[in-house]
Every structure is written in C-alpha cells, then in structure tokens.
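Asker: Chain residues, written in single-letter form:
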Amino acid sequence: MSSESRASSSGDEASEPYPNPIPKPPRINWPPSHWPRGYQEKRHVDEDDASLSWRKRKKHFFILSNSGKPIYSRHGDEHKLAGFSATLQAIISFVENGGDHVKLVRAGKHQVVFLVKGPIYLVCISCTEEPYESLRMQLELIYGQMLLILTKSVIRCFEKNPKFDMTPLLGGTDIVFSSLIHSFSWNPATFLHAVFCLAILMCKHKVISLNHLGHLNLSLQFACLDTYPMAFLYAYVHYLDADTYLMLLTTSSDAFYHLKDCRIRIEMVLLKSSVLSEIQRSMIDGGMRVEELPLDPLPLYFGSVRVFWSSHHQISSPRQQKRLYRAYQKLYASCMTEEMGPTKPSFEEMKTTFYYVGSPQDFELYAAFDPLADKALAIKTCNRVCQWVKDVENEIFLLGASPFSW
Amino acid sequence: MARTGNKNIQAKLVLLGDMGTGKTSLVLRFVTGKFLEYQESTIGAAFFTQVLSLNEATIKFDIWDTAGQERYHSLAPMYYRGAAAAVVVYDITSMESFVRAKKWVQELQRQANPTLIMFLAGNKADLEEKRKVGFEEGEQYAKENGLVFLETSAKTAQNVNELFYEIAKKLAKASPSRPTGIKLHSRSQQNSRRMFCCS
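So the sequences go chain by chain: A and B.
For the first sequence, the residue numbers in my numbering are 1 to 406.
For the second sequence, the residue numbers in my numbering are 1001 to 1199.
Calculated from the structure, these hints are not laboratory results.
All residues carry an ideal CB built from backbone N, CA and C; glycine is no exception.
Hints are supplied without guarantee of correctness; some may be wrong.
As the list claims (entries may be wrong) - Facing chain B, from chain A, some residues (calculated, C-beta under 8 Å): (1) Ile149; (2) Leu150; (3) Pro168; (4) Leu169; (5) Gly171; (6) Gly172; (7) Ser253.
With the rest of the complex left out, here is chain A:
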C-alpha cells in the first residue's frame, strides 16, 4: 500500500460534518486501501510521558503487569514509560485495596478505561468520545490478541514470579497490536462484531473468507485456543495470490506434507473451477453497493448490514468515513448494552445525519440518511431493505454453520 494512504488513515483526528452528498461518487475499492495490510507505520518510539506530542495523542493503549512493569504501549517506548505504568498500577491497587474495582475515570475530555485480567492490567486513555462499552471491548480484544500470541501459560509465569518481564516474549508483535488498534476505528467487523465477506458469496453460495495478515508464504503456525486449553492447533497457510490464502488446520504436528498435498489438490480445483479468478475479480470490484439493492433512488447514503455487506460509496474522505464508523459504533453500544441484543429498531438524530439500526430478527441493518430526509420515508426504506434481505437470506447468510463443530 502506498505511504500516502497510510498517512491519511493515521491518528484519531476530529471529525467534520458531512459535506453535501456528491451526485456521482467514484467507485472505491473494498476494503479501502487505507486499511492496514499486515503492517502499519512505526510507532513513535522516541516519545515518553514527558513529550508534548505523546500527551496530545488521542488514544493510548497500555498493557502492564500487576507489579507495574510495562508490557506494551501503543505510543512511545515501553521502558521509558515505566514511571507512568507504575502510576496506573497504583491507581488500580489503591481502589482494589478498598475492596472495589476501577472501571472508568473521566478527566475532562479524557476517559481512562481499566480492565484487570488476573496479573495483567489493560488500560485505554482516550479522548475520542467512544462509548465506554466500545473501549472496554477493545481492551478485551487486545487481551485476546496477547493470549493468542503467548497462550495462557504466561499467567503461570506471573504466579511463579511477579517480577516476570514479558516484553521479550512479545518481541516483533508491535505490528500485530497496532494493526488491531487501527481496525478498532476502521474495520466495521471489529466494532459491529460482524464478518466482512465478498460479493462472491452472494453468487456462488460458498464460504470464502478473505483476510489480510501480511505475507506469510507457506508456513506452519501454531495457536493455543482458549476453548482447547491442553491442545495445540497447527495452521498451514498458503498464499494462492497476493491477497488470497488458504488455511488448513490440524492438531497433528507431523501433518505438514499431508496438508501440502491437500493444498495442491484444493488449489487445482479452485483454478479449474475458476473460483480463484472469481475471488480476484471480487476483490477488485469491492463489496456490494447500495445501488445494487432493489430500491428506487432514495436518500440512503450509507448502509451496512452486519455480517455480510457494507457499502460506503458516498463517503469520499477517510475522515468522514471514520466519523460514520464512530456513529455506528455508538449506536451499536447503545443498542447492545443489555445482553439481549437490540430489541427494536432505533432511530437517532445526531447533529446532522440520521442513523438507523434495525434488527428484524437475525441481522442488523445500519443506515445513514441525509439530515433533510423525511423520517417516515427513511424508515420505510429500511423496512424494504430488511424485507429484501429476508427474501434472499439463504443466499447471503450462512445459516446453521458452526466453525468449531469438530
């Protein structure tokens, strides 16, 4: 990806109101090119808590141990932030000594969100006005990422030795964490708990999930899953082309050559049936668009149905897009506070634009309308889209599929 597009996506700049809708928008590639593809710009390693630039950053994430040792910081050098980490640890233990738990501290525009996971403390300091629930979920995801890299056995290391230094074990994973943090703002999949799929799903009725993980070529990885605490899982990853890879999973460490044979056979089938070229075409075309919905021209500017489809063609700048994503995120948090999920469609008026979330049954629809749009008409539009989704439900959703039924 170009350095230009990376620069435009960095930082958490304040958003601006939407300009008037553009009549004929350019076709934007999906996923947008400013999404991270495996790596991101280097962090500001020269900074520490004394630097003005560090203090001005809109969103900080920290991982530290319960003895106050820094493990990870989004910005700045962890070692130089030892004093700051100790302060965070002091706040947490001060409250814990009183028999309580600190969850959130508000200081002016800033929110400080705490998450305690045994000997690991996670803290987010943000002035992005994201809801508490969202920030907490982000900390949970960071913790999950950490466990995925190091497995739960690190917890035992802390039990044995509270002064255990975890930083060397995380060597080289900065990129993984910064990509994850980047996706909190840029990938609707992260903040709406959805999965993005290509339009090809719709025509082929097949599961094809694509992701960007950096270029691994051919490798045997391992992961220790939370649900299978005593087992190792090996993953064989093969890039079919620059953007598409095939991943085969096994519990046997000796299965490499067998998986390789399987991969060769699968690859042949994909090539012969031209599925691979179909995927490539879909990647270039991008996902489904609002224009493809069976609707008359209506003041619908952005629609996103959780789980399968998203379109953002009217949003021309990354900044506007981020603002819209933040609005959806807020809406999601306000609807999802109870464990029941959204019970009824809600309609919110936020400054200049209407946002709509509806959940007829198994899916959610997010849509944004022009501030001048008629409310009744907007709701009618959303209902029509919902009806259409229900009609083609079997083609666009994977009903009854359980990924871990083995």
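Chain A is already provided as a structure; the job is to place chain B on it using the hints.
Answerer: Chain B only, in chain A's frame:
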C-alpha cells in the same frame, strides 16, 4: 531425462538464529533472488523448496525458515528434527545475536541429528560501519566447533548463493553413506526400473 550417475538428494535444511538477523531475507534472496528492505517477522515458520544442480548431484532443498522470537523457541525441535543441514544465523552488527547463535549451536550439538551439517552465517556484512562482531571472532568460534563459516549479506547477495552451494556440496559428499541411497541399490533392478517408468 535420466541422468546416469547423477544422484537426486532431498534434504531438509533449517535456519535458526535470533530475531531480525535476516534468516528469511537470506532464504528469499536464494529462492527468489529478491531482497525486501522491510521484511515482516516470520510467524511460526515458513517453508520453501529450491533445487540446486551440481555436477555430482541434484539437490532438492526443503528449507524451514524458523521464527527468531523467543516465544517460538519451544517449537524449534520440531523443525530441526531430521534435518540434514542447519544454518545458524547472526547479525554482525549485534553481539547479542552472536551470543544467541552460540546457544543455538550448543542446542543442535546436544539434541539434533549427529550427522547434521552445521553452517554459521554472519549476516548483514554490508553494514561494515556498524560491525560489532569481528570476522575473526566468528571464524574462530566456527573452527572450534567444526562449523563452516561465511559472512553473508542478503541485501547485496554477497555469499548467499555460495552458502547454499557449499551446503549442497557437503550434502552430496555425505550422501553415499545415507541409508536412502543404499536402499535404492538394494532393490531389484526390475523393481526400481518400473518405479522410474511410472513417475
């Protein structure tokens, strides 16, 4: 085409060493002839194959390029088990990576296949001005431990092909004593001929 008198050898080769020493860059330089300024860290291990033809033999390398981070250390035996050759890589601009390389050599001497052919590669030889580990130091250590020593640069391609050719030559020389070679000869003439026809 049948090459009479030419051996086909398939050999497992493993690269070990501290993170960021350039293991992946060395392999990519050898396999693809390219060099990336910013090579991403390897996750787990990466697998490559490359065929080298010498006068005396054709060698098919199965290359296991391991991840250098400490957290992957416990996986290493899985990759060096059964390897015919190992390249321990360090970065000439980092004394720490040289110390780590020595630990890898010790581990291999203790636990790997006793006939394993070991190479020591001091990579990033193009960064002469930042050098922390002297050529003599590497050479001396290699001599004491019976390793073949080379200073390489994946960036300038210095000694990269040489490294893999040296490995191939050593393997070709060592191969007559390999049990697989004997097995083929012990089969009946008819049987082995039929096998070649089918393939």
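Asker: Determine for every hint whether it applies to the structure shown.
Answerer: Outcome of the hint check:
no., hint, verdict
1, Ile149, "holds (7 Å)"
2, Leu150, "holds (6 Å)"
3, Pro168, "holds (5 Å)"
4, Leu169, "holds (5 Å)"
5, Gly171, "holds (5 Å)"
6, Gly172, "holds (4 Å)"
7, Ser253, "holds (6 Å)"
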